[in-house]
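> Below are the chains, spelled out letter by letter.
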Amino acid sequence: MSNQIEKKVIDILSTILKTDIGVDSSKINTSSWDSLKNIEIIFALEDTFGLSFSIGQIEKMISVKTITVEIEKNET
Amino acid sequence: MRHNFEIKGVRFRLRPVAISDVNFILELRCNPVLSKFLHKTSSDIQLQINWIEEYFNRAGDYYFIVEDIINFSQVGLIALYDIDESRENGEWGRWIIKPESFAAIECAWLIYEFAFEVLMQKKVCCRTVALNEPVVSFHDSCGIASKKVLKSYFQIGGKEVDAIEHSLTSAEWRLIGPRIKNTAIRLSEKLAAKVDAK
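Chains as they are written, first to last, in this note's numbering: chain G, 58 to 133; chain H, 2 to 199.
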């Protein structure tokens, strides 16, 4: 399940950021991952997974890994 | 210049800078992380008061405090300046937002609304230190297509550094503005939910 979510997250991020994204990608190592794109990513994830993230969660969602963790939390 | 414009968004507003904001301005402008790509500001309060008083007399310069509408906390600074009445264009900058705040998107929307819908400017630019990649990327992400490099434009820390100039016309703003506005509104709903949950 985690791998499927991670794959979907990478697909969404690659599309929005228009760059290659991998499992270790984050705001720190991806120059196009700015604060506007970050919020657009969050909303795209919400729409795709049918979830709603809290501000507390959004603050943590700054890498493929942390995004995947927060989606899994919402889905369980 | 002294002005009375208050630009209200959904969660944040821009209100005129006052002398009483001097400590907040220094808190942001003297923060080594936040001011990394800004011209150096002295931490001397009187010098900053003098600067604000000079600003009050400078035509075509609108300096704002970014404030949270719900809890009235100050979260940042922004300005629109060098307004050229004859050419109807200007520049925005002096932009600092507290890192824990989510005001950046709404703040950008509001300053463009002020420039194009209130002051009826035809073109606005923003010049960013080229090394400030997150902010350069932010302007790119807004959908601003007109972009050029200004070689050795800024003097930061005694060194000449390049700037990236993003320019936007009022006609282009009408095309890209709604997306930024909608993102700001959806984000503000989440911020409101955070307040409700407390």
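To be clear, the hints were calculated from the coordinates, so they are not data collected in a lab. Yeah, the Cβ is synthetic: ideal placement off N, Cα and C, and Gly gets one too. Some clues are possibly wrong.
[Stated by the list, open to error] Mimicking DSS-like on lysine-lysine, the simulated pairs with C-alpha atoms at most 25 angstroms apart in a straight line are:
#1 H:K37 to G:K84
#2 G:K84 to G:K64
#3 G:K130 to H:K191
#4 H:K37 to H:K182
#5 G:K75 to G:K65
#6 H:K191 to G:K65
#7 G:K122 to H:K191
#8 G:K75 to H:K9
#9 H:K152 to G:K117
[As the list claims (entries may be wrong)] Not everything, but these chain G residues come out facing chain H in the computed CB check (under 10 angstroms):
#10 I67
#11 S88
#12 S89
#13 L93
#14 E116
#15 E129
> Now tell me if each hint is right for this structure.
We went through each hint and held it up to the structure:
no., hint, verdict
1, H:K37 to G:K84, "holds, 19 angstroms"
2, G:K84 to G:K64, "holds, 18 angstroms"
3, G:K130 to H:K191, "holds, 18 angstroms"
4, H:K37 to H:K182, "violated, 28 angstroms"
5, G:K75 to G:K65, "holds, 15 angstroms"
6, H:K191 to G:K65, "holds, 24 angstroms"
7, G:K122 to H:K191, "holds, 23 angstroms"
8, G:K75 to H:K9, "violated, 33 angstroms"
9, H:K152 to G:K117, "violated, 37 angstroms"
10, I67, "violated, 19 angstroms"
11, S88, "holds, 5 angstroms"
12, S89, "holds, 5 angstroms"
13, L93, "holds, 4 angstroms"
14, E116, "holds, 8 angstroms"
15, E129, "violated, 20 angstroms"
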